[in-house]
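Student: These are the residues of each chain, in order.
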Amino acid sequence: MKIVGLSGSKVGSKTRTAMDYTVKIIKDKYPDIEVTLIDLAEYDVQFSDGRNYLEYEGDTGYVTKTIMEADAIIIGTPVFQASIPATLKNIFDLLPEKAFLDKIVGMFVTAGSPKHYLMVDQQLKPILSYMKAQLVQTYVFIEEKDFHRKEIVNDDVLFRIDRLVEDTVVLTKTFTEIRKAKEADYGF
Amino acid sequence: MEKYRIDPSQGMEFGLYTLGDHIPDPHTGERISAEQRIHEIIELAQLAEQAGIDFFSVGESHQEYFTTQAHSVVLAAIAQATEKIKIASSSTIISTSDPVRVFEDFATIDLISKGRAELIAGRASRIGLFDLLGYNVRDYEELFEEKFELLLKIAKEEVVNWSGQFRAPLKNAEVIPRPKNGTIPIWRAVGGPPASAIKAGYAGVPMFIATLGGPATSFKYSIDAYREAAKQNGFDPSELPISTAGFFYAAETTQQAQKEIYPHVNQGLQLINGRGYPKQQFAQGADTRDVMNVGSTQQIIEKILYQHEQFGHQRYIAQMDFGGVPFDKLKKNIELIGTEILPAIKKYTAKN
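Protein chains in written order, with the numbering used here: chain F, 1 to 188; chain P, 1 to 352.
No incorrect hints appear here.
Per label pair, the in silico range of CB-to-CB distance:
#	chain 1	residue 1	chain 2	residue 2	range
1	F	GLU97	P	ASP236	32 to 42 Å
2	F	ARG163	P	LEU133	46 to 56 Å
3	F	ASP155	P	GLN255	48 to 58 Å
4	F	LYS180	P	GLY29	14 to 24 Å
It is worth saying that the hints were derived from the structure and are not from the lab.
All C-beta atoms in this analysis are idealised placements derived from N, C-alpha and C, irrespective of residue type, glycine included.
Model the full structure from these sequences, guided by the hints.
Tutor: This is the structure:
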């Protein structure tokens with residue numbers, strides 16, 4: 001199983017901090033899973049110009065191809081101007097319409113306050129559903145006060161991330177197994 | 001229809017097309033040489049002719065896993081190797097070519113083939129060739145519209161006066177040689193959605209529409225929109241031929257056909273587009289109401305006749321060699337087309 005941890009912002013440190021913890025949990029609990037962390041702050045990704053994702057080169061090609069090869073993706077996103085950051089939206093724009101078909105997507109959000117608690121339900125989930133993702137419905141909402149000097153200091157948040165990882169892995173395993181059995185039934 | 005060399009009283013035309021893809025056989029992992037692939041395409045055209053198939057066409061794709069970039073050269077070889085089958089491009093990417101050179105090539109192929117050449121102009125579904133050939137992908141739409149318009153003008157007028165944005169002006173230019181009968185049929189290639197079909201309708205040019213998979217009724221929207229647009233712009237839709245183009249594979253049973261072709265289609269799409277064909281959708285493709293013509297010969301006949309009832313089109317062209325299908329399987333398919341499918345299609349669609 002391949003999981004990509006996608007840290008969706010170039011600004012600040014909260015999302016990356018939570019993603020580092022998430023990736024660490026995956027590695028500790030599931031040593032067989034191949035996990036790749038993509039922090040968009042570390043890549044020079046161009047804006048989508050409409051070409052097929054295979055035709056992008058450099059960082060853009062690396063990021064799109066790595067995501068397309070994953071079985072599951074855990075997206076970490078901050079809240080910017082009441083929405084997801086443009087860097088993350090651009091990743092969706094770079095990928096094909098049904099890019100997440102047969103893929104599992106889990107999510108966590110970091111934010112300064114709970115003002116935009118429903119941003120994920122209202123904005124991120126519709127995009128992922130349109131792109132055919134199987135969603136881990138429960139996401140983790142992490143506030144400014146849960147961090148201190150680039151560490152998560154709220155045990156409840158840590159527990160919730162642990163559960164997000166477990167839910168993502170369980171859903172990926174079960175969905176993949178059931179889908180493969182169904183595909184075998186087709187007889188071709 | 002006569003202008004486009006189509007006689008509906010003879011029934012719907014049946015053709016074959018290849019994109020000229022050059023993909024390993026997923027069952028063995030091995031890929032034949034480009035030389036062998038090109039020769040097999042030429043031989044396929046000869047076998048198609050012997051089986052009574054009406055039409056054969058070759059496409060242009062400038063990227064990895066393809067081998068007929070110089071598709072007009074391959075068509076010239078086919079023109080020489082055959083005697084009566086219609087030959088065409090599927091498609092010629094007019095956006096990144098000079099319409100004068102393209103017309104010269106196809107007029108020449110028409111002379112070599114003694115009046116059998118047609119041209120299908122497309123916009124390219126993959127855009128890597130814009131970089132390769134030195135064009136800006138931001139001009140994607142306008143490059144096509146301008147060059148396609150010029151191509152149609154050259155086909156119609158022996159002396160051309162023209163000026164535009166992407167090519168030096170033409171002043172009293174005679175584009176020669178002229179085709180055998182003065183001109184050749186030129187079609188516009190259209191993807192699934194209605195927007196592009198409407199453009200073809202407005203221009204009053206015949207339309208090739210890609211129908212790879214999905215319910216036939218979804219493609220009917222585009223076909224109806226095409227005819228409506230043509231009518232609105234003063235053309236008679238009954239004078240404009242329509243052709244569909246899509247996946248094809250026949251075997252003893254539908255399940256056998258799916259089993260043999262699925263790995264090719266799936267791996268082929270994965271390699272060239274980065275997304276395979278979802279198995280669930282491929283399984284649904286066996287339904288009579290789906291446009292994908294994969295199945296037993298009887299199932300395929302039913303599907304094609306159902307599509308004909310929906311679309312009222314004049315030609316269907318089949319893509320059966322996509323994804324490294326071995327040549328003996330292609331030969332077997334041509335035999336099934338010639339002995340079972342073609343006679344049934346002609347019988348039920350001929351207007352006499």
